[in-house]
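There are 2 protein chains.
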Amino acid sequence: MQQLKRLTFGAVLSIVSVQLMATQAVITNDQKQTATQLMQTAIKSDLGMEIVTSLTTEIGPRLGGSEAEERARDWGVKLGESLGFDNARIEEFTMPFWDRGHLHISLSSPYQQELYGTALGGAAPTKEKINADVVYFRDIHALTEVKDNSLTGKIVFVDGDKMVKSQTGAGYGQANQRRRIGWQHAQRSGASALVVRSVGSDSHRFPHSGMMSKDGENWADIPVIAISNPDADHLRRLHNLGKPLAISLHSESKWKGEVSSGNVILDLIGSEKPEEIVLIGGHLDSWDLGTGAVDDGAGVAITTAAAALIAKLPKRPKRTIRVVMFGAEEVGLLGAFAYAKQHEANLHNHVLATESDFGAQTIWQLVSNVNPQATLLVDEIAKILSPLGIVRGGSDVVGGGPDIIPMAAKGVPTIRLNQNGRDYFDLHHTPDDTLDKIDPDELAQNIAAYAASIYLIADSDVDLKP
Amino acid sequence: MQQLKRLTFGAVLSIVSVQLMATQAVITNDQKQTATQLMQTAIKSDLGMEIVTSLTTEIGPRLGGSEAEERARDWGVKLGESLGFDNARIEEFTMPFWDRGHLHISLSSPYQQELYGTALGGAAPTKEKINADVVYFRDIHALTEVKDNSLTGKIVFVDGDKMVKSQTGAGYGQANQRRRIGWQHAQRSGASALVVRSVGSDSHRFPHSGMMSKDGENWADIPVIAISNPDADHLRRLHNLGKPLAISLHSESKWKGEVSSGNVILDLIGSEKPEEIVLIGGHLDSWDLGTGAVDDGAGVAITTAAAALIAKLPKRPKRTIRVVMFGAEEVGLLGAFAYAKQHEANLHNHVLATESDFGAQTIWQLVSNVNPQATLLVDEIAKILSPLGIVRGGSDVVGGGPDIIPMAAKGVPTIRLNQNGRDYFDLHHTPDDTLDKIDPDELAQNIAAYAASIYLIADSDVDLKP
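If you read the protein sequences in the order shown, they are chains A and B.
Quick note: the first sequence uses the UniProt record's numbering, first residue 1, plus one each step.
Quick note: the second sequence uses the UniProt record's numbering, first residue 1, plus one each step.
Bear in mind the hints are in silico, worked out from the structure with no lab data behind them.
There may be inaccurate statements among the hints.
Same chains, same label: a pair holds when it works inside one copy or across any pair of copies.
Claimed, not checked - With a straight-line Cα cutoff of 30 angstroms, these simulated BS3-like cross-link-like pairs (lysine-lysine) come out:
hint : residue 1 : residue 2
1    : K129      : K254
2    : K383      : K465
3    : K44       : K312
4    : K129      : K243
5    : K44       : K162
6    : K78       : K243
7    : K243      : K154
8    : K147      : K243
On a predicted model such as this, the values are computed, not experimentally measured, just so you know.
The following block holds chain A by itself, in its conformation from the complex (with noise of 0.2 angstroms):
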């Protein structure tokens, strides 16, 4: 199945660089021909699944601040010396470190039944151990409305629709609400705890963590709790029966003060103008729960193992190719901010910037942000891009992933290759987000994507600047 697969895409590929022709002013045909050539070595490679299963396995979960993922760091550099980069190195940066600790939720009333649960990142613990009373909301429209002080010393539970599966992942926004600002509600409320309805497009027992939204400068001052959406089902359901629900809650989550944190940074100088960097990447940092093979070590794998087979050409390409493996994202992008910081003076040289930051399904559409000079070159990779599955999207799309944001912010322009995330919210921030999750041949798609088309704007002349 993965050799028929991986043959059928060679095959493709093998007609299209016959039919090469040299009538592109912004790609020249030796470019197009070493892009084919990545892409007929990519699909074949098992390097991408290396690093996973590597990253995955021997670093395991890795939690932004945690000593995990500080070996995740020595990993990345170890990684990038073995794999041909030029340079490889860590750009520390300190951060304020939220712990998950241990959690104990229970269905209290009508009967005693264990409930699936997950602090969110950022709540508060719980000072003992809560027993109360729930109110129920049926979404987060209804909570916004609660008046102050109205529910002192209650357990407020807020329902909500299960997330819409799409490709593109639109419903994700929608159903984050709850779990980004409920808390503000049911805090103001006068609530002991807030239970949320995880936000999640599967049906299992599992509950999705992530960051919750800040006040202004603060962060709750109460628990709360995302429970899978079977259990949402249930207490669903049971409150439609009238029944009195209550709830027994223990958690430990709590900030612990700052830590240390850090992005690696692997470069291939370029040959001719060593100074433009075109940027690519993915997250190091992982929740907790599962060991992040889906989120984000496949973008690691996908970008670093582009990189590294553009390693293997007989030459650099023109401009630098930069893997960064962003440190801390699941906590609030902070190694994205301190990248852009860091690095402040010389975004100007950042002449493209994009990370893999979706999954591992196969991709399905590039979309940029860049001149219009420079979209024709978009325009052209697209073409190259064709036999992968891959159509071209629009060219007025801005970011290029969230560790991309505060970059874009500064006038970096960006290119996405647009992942199929139909099933990622499946997965996403719980413990299922584990290595055999990962499509060998899908990730290799991927792989084959990026190198081709990091490798023709490295060796472009073409500025992309918006």
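We have chain A already, so just place chain B on it with the hints.
Frame of chain A, contents of chain B only:
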């Protein structure tokens, strides 16, 4: 979608009813028409979903011998009374109670990582928290060769292959060996605890619970923990890398003495031969991790709803139809053995017994173990069920379901309506066994098949004894 599927069933059934012919001796034309009407009613009815929704929501998990199982018995009696059964009662028995208690299991070398595990039924507690080196066995066969007292103080991990998926559930028996007998070899090796790869065909981070086998009259003296397939994969990869594995473990599972349980009996008294009993049922208890929707809330719902539809016919069938909601199945068929003992003197009047206990997916095959004349009756029933997508299977297949074993062993004839079990072992004995996993159309197909076949047997004069 749901409506469409039901209309399709309905259209096929209408054609069949027009084509009915009166040429068969073993089933009259009137009986066929009644059976077909029952199927038509069943596939449009929501009664099965209402029953399993009520049981899983209002009672929740219901471990054999627990207070929740007692609430479930009361629920069962009230349900039977509300559905028009001629009598509804509880037959009590006593049993030893095993309680899962709290478990914490984590990898402590080569680094700290939480593992997703659960105690296996019958396991002993840890006396105190254990932290010990792991000795890896590739499968149960390797463990059976371990020398006595050769692993004192170690934790044994038995890996194995993930359970093979099949429509018949054929992979279960093989995968189950490590769960059943692994402890006997770990214990004689002197190990402090046994950890096994979970029995289950899924790739989720849920362990599958289930009873171990006794060794003669003895249960394990050591803790025995199943971990999820992704966790077992993780340990295997670390082991293959030559990493020294250690596990930290604290488990409270233990036996807690004798308690009460019981079977719920609902009868539709036969109009001509009330002493002759056609017994159908499911088991009322569930494992405590999920809410026992597919195992076996579905079986309780299917058989109760089927009988309840028969109860609405203008006249009772000739023979008595008895629905038994067996207690304490998961923990050793205790309700089944109690029933066979309590009704020992009357088992010769049990003309047929069959149980629904293989999930909630569609029935695809009817098998039997009855005498040759009665085999012709079952052949004819299979033809009537054919529009539901059911084929006739073997006529010498012993066993009508787990709780029928003690009766079948004493000569009670059986049939079995085999369900598609391909996805059953993704859910079975896990926290993921919840209501949302049941497809209402598939459940309704089951009820249609039970209603028609049980009606036809109960209204027949054919003796079924093998």
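To see whether the hints hold, each was checked on the structure:
For a Cα distance limit of 30 angstroms, the shortest separation of K129 from K254 qualifies both inside one copy, at 15 angstroms, and across copies, at 25 angstroms. Only within a single protomer do K383 and K465 lie at most 30 angstroms apart by alpha-carbon distance; the minimum there is 22 angstroms, versus 73 angstroms between protomers. For a Cα distance limit of 30 angstroms, the shortest separation of K44 from K312 inside one copy, 15 angstroms, qualifies, whereas the shortest one across copies, 65 angstroms, does not. Taking the closest pair of Cα atoms, K129 and K243 come within 30 angstroms of each other only inside a single copy of the chain (23 angstroms); across copies the shortest separation is 39 angstroms, beyond that limit.
Taking the shortest alpha-carbon separations for K44 and K162, only the inter-copy value of 27 angstroms comes in at or below 30 angstroms, while the best intra-copy value is 38 angstroms. With identical chains, the CA atoms of K78 and K243 are at most 30 angstroms apart between copies only, with a shortest distance of 18 angstroms across copies and 57 angstroms within one. Taking identical chains as interchangeable, the C-alpha atoms of K243 and K154 lie at most 30 angstroms apart only when both belong to the same chain, with a minimum of 16 angstroms there against 48 angstroms between chains. In the homo-oligomer, the alpha carbons of K147 and K243 lie at most 30 angstroms apart inside one protomer (24 angstroms), although the nearest pairing across protomers, at 56 angstroms, exceeds that limit.
Going through the hint list in order, the structure satisfies each hint without exception.
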